[in-house]
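In order, the protein sequence lines correspond to chains U, C and Y.
Using numbering that gives the first Met the number 0, the final residue of the first sequence is 174, and nothing's skipped along the way.
Using numbering that gives the first Met the number 0, the final residue of the second sequence is 154, and nothing's skipped along the way.
Using numbering that gives the first Met the number 0, the final residue of the third sequence is 183, and nothing's skipped along the way.
It is worth saying that the hints were derived from the structure and are not from the lab.
These numbers come from a predicted model, not from an experiment.
Every residue gets a Cβ at the ideal spot worked out from N, C-alpha and C, and that includes glycine.
One thing to keep in mind: the hints can contain errors.
[Unchecked claim] Quick look at which bits of chain C chain U covers, simulated, 3 or more residues with Cβ under 8 angstroms:
id	region
1	74-82
2	106-118
3	130-143
[Said to hold, decoys possible] Pairs of lysine-lysine residues, derived as DSS-like cross-links and limited to a Cα-Cα distance of at most 25 angstroms, are as follows:
id	chain 1	residue 1	chain 2	residue 2
4	U	45	Y	60
5	Y	10	Y	58
6	C	118	Y	119
7	U	76	Y	119
8	Y	29	U	51
9	Y	119	C	110
10	U	51	Y	58
11	U	45	Y	10
12	U	51	Y	151
13	C	110	Y	178
14	C	130	C	118
[Said to hold, decoys possible] Just some of the chain C residues that point at chain U, by a computed CB distance under 10 angstroms:
id	residue
15	16
16	52
17	54
18	86
19	122
20	125
21	126
22	127
23	146
The residues making up each chain are set out below.
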Amino acid sequence: MKSCDEIRELVGAWGDGELSQAEAEAVRLHVEGCSACAEERRQLDKLNVSIKRVLASQQPIAFEPFWRGLERRISEKRSWPAGWLDRLRMPLGRPNLAWGIPALIGLALVLYSLGVWKEQTPRNNFAAVESIDAYGRNVALLRENETRTTVIWLYQNQEGDNETSGETSDQSPAF
Amino acid sequence: MKLPGKLRTRALLFSFLGILTAAYLGAAETASQAVKIKIDTILASNQNGEFDSRLKPLEKQLKLLKYKSYRLLKEESQNVPSQGNGSFQIPGGRTLIVSPQDFRDQQIALKVRLQGSEKPLLDTTLKLQNKGNFILGGPPHEGGVLVLAIWATVQ
Amino acid sequence: MELSDRELVQKCQLGEIGAFQELVSRYQQKVYLVILGLLRNPDDAMEVAQETFFRAYRKIKSFEGGSSFYTWLYRIAVNIAIDAQRRQKRNLLDFRDNMDEVFEEQQEVAKDPFADVHEKELREKLLSAINDLTPEHKAVIVLRTLEGLSYKDIGDILGCSEGTVMSRLHYARKKLQEKLRAFL
Numbered sequence: 000m001k002s003c004d005e006i007r008e009l010v011g012a013w014g015d016g017e018l019s020q021a022e023a024e025a026v027r028l029h030v031e032g033c034s035a036c037a038e039e040r041r042q043l044d045k046l047n048v049s050i051k052r053v054l055a056s057q058q059p060i061a062f063e064p065f066w067r068g069l070e071r072r073i074s075e076k077r078s079w080p081a082g083w084l085d086r087l088r089m090p091l092g093r094p095n096l097a098w099g100i101p102a103l104i105g106l107a108l109v110l111y112s113l114g115v116w117k118e119q120t121p122r123n124n125f126a127a128v129e130s131i132d133a134y135g136r137n138v139a140l141l142r143e144n145e146t147r148t149t150v151i152w153l154y155q156n157q158e159g160d161n162e163t164s165g166e167t168s169d170q171s172p173a174f
Numbered sequence: 000m001k002l003p004g005k006l007r008t009r010a011l012l013f014s015f016l017g018i019l020t021a022a023y024l025g026a027a028e029t030a031s032q033a034v035k036i037k038i039d040t041i042l043a044s045n046q047n048g049e050f051d052s053r054l055k056p057l058e059k060q061l062k063l064l065k066y067k068s069y070r071l072l073k074e075e076s077q078n079v080p081s082q083g084n085g086s087f088q089i090p091g092g093r094t095l096i097v098s099p100q101d102f103r104d105q106q107i108a109l110k111v112r113l114q115g116s117e118k119p120l121l122d123t124t125l126k127l128q129n130k131g132n133f134i135l136g137g138p139p140h141e142g143g144v145l146v147l148a149i150w151a152t153v154q
Numbered sequence: 000m001e002l003s004d005r006e007l008v009q010k011c012q013l014g015e016i017g018a019f020q021e022l023v024s025r026y027q028q029k030v031y032l033v034i035l036g037l038l039r040n041p042d043d044a045m046e047v048a049q050e051t052f053f054r055a056y057r058k059i060k061s062f063e064g065g066s067s068f069y070t071w072l073y074r075i076a077v078n079i080a081i082d083a084q085r086r087q088k089r090n091l092l093d094f095r096d097n098m099d100e101v102f103e104e105q106q107e108v109a110k111d112p113f114a115d116v117h118e119k120e121l122r123e124k125l126l127s128a129i130n131d132l133t134p135e136h137k138a139v140i141v142l143r144t145l146e147g148l149s150y151k152d153i154g155d156i157l158g159c160s161e162g163t164v165m166s167r168l169h170y171a172r173k174k175l176q177e178k179l180r181a182f183l
């Protein structure tokens, strides 16, 4: 006869319909007679439902633009890393460029040291947000591709909610 | 195969410069460095349609937020040492605390806390490209919302 | 009459791009959503989904029909996605595409704060907890829960035994339950 620990290892597979008939029957009988394992089964079902709801709620994509992108790849007959490699290839064989390259590197080092380059927002400006805790408040993250901007937006959970001195936003927001 | 004389010289020069570059950049990255943190505190609202001309460099980014008017309330910079804390006063009794953690591969790891007058509002850890910025917004202020544009540059 | 996957594959192997387009239309959403479940970022998921079908197109002549087309396709997709996860540390959190989405949510939250806060928190915690799993554990969760694939199919896709699939699922679910105890 299986212990509760052994049954709990099998409850998931039982719910998935992946146990043999004999094992499934043994688990079913145990769960019907054991409130702890029955509760384990309920919690697992809740988890599975939540996971499915969350994963399935993600935004699908339209077929046409997807197919067009894929067709372009097929007609170019290239995998995306190959394109990156091409851009990195340098024609070192040509004598003129073999002089030009060390000269360019030297010039770049000099300019960098002099701080000639103005401070400007780099092209890859996206921030990689690794963790966020809004202490129970709602927070949204936005990544906008055109300006490559990362926005962390903290908003009030309900009207009138404030965190400081009774301050509220008393106008309708832009949205 | 032995390279002809001239090509060998060029190859050696190229390799030497390459090593110099790598050493320079490597040293620059691995040394503990201070990070200049700059915060623009902006009030975004729908009260009028005015765009503060001092915010011109941020115009495209701010327009994402879809407010009608943007006014620069304050601009502040601090050099914050690695693992140190830079504290910036934000209107409404709030404080922004920025702590650079690490600099690697041109990415600055930051810990950022937005503190209310009584309790913390937000903690985040993120990696930002050197000289890059991000926007933190939402807290209400004077009929609008505060928008903080935060830059980090390794010194 | 609708052609079966096997018939479409045979036509692809003879060079009929139309047959391949039909296969793409059948599986594009499923493949994309599985990859999105693994990578979290829609742009990356799109890139990997296109790469999946591109590689499938290039390899279609060598597909011998030992497994079903969709398990073969998912195998390609999951392998690329797992490689992508290993190469890049991804953000844990879900990004919106524009502020309209953000502000719509703000209005939704303002209307019925309690239900939406809980739902939103659960969603964020769950996605974050799934993302904390190793790529292999994430893959079994996504393939089983989202696609409802059998342990045998999942094992075929991941190149492991059914027993390994079962123990990975058990471990992954336990981890998720621990992290989400307060929310479920």
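Among the hints numbered above, which are violated by the structure, and what are their numbers in rising order?
1, 4, 7, 10, 11, 14, 16, 17 and 18
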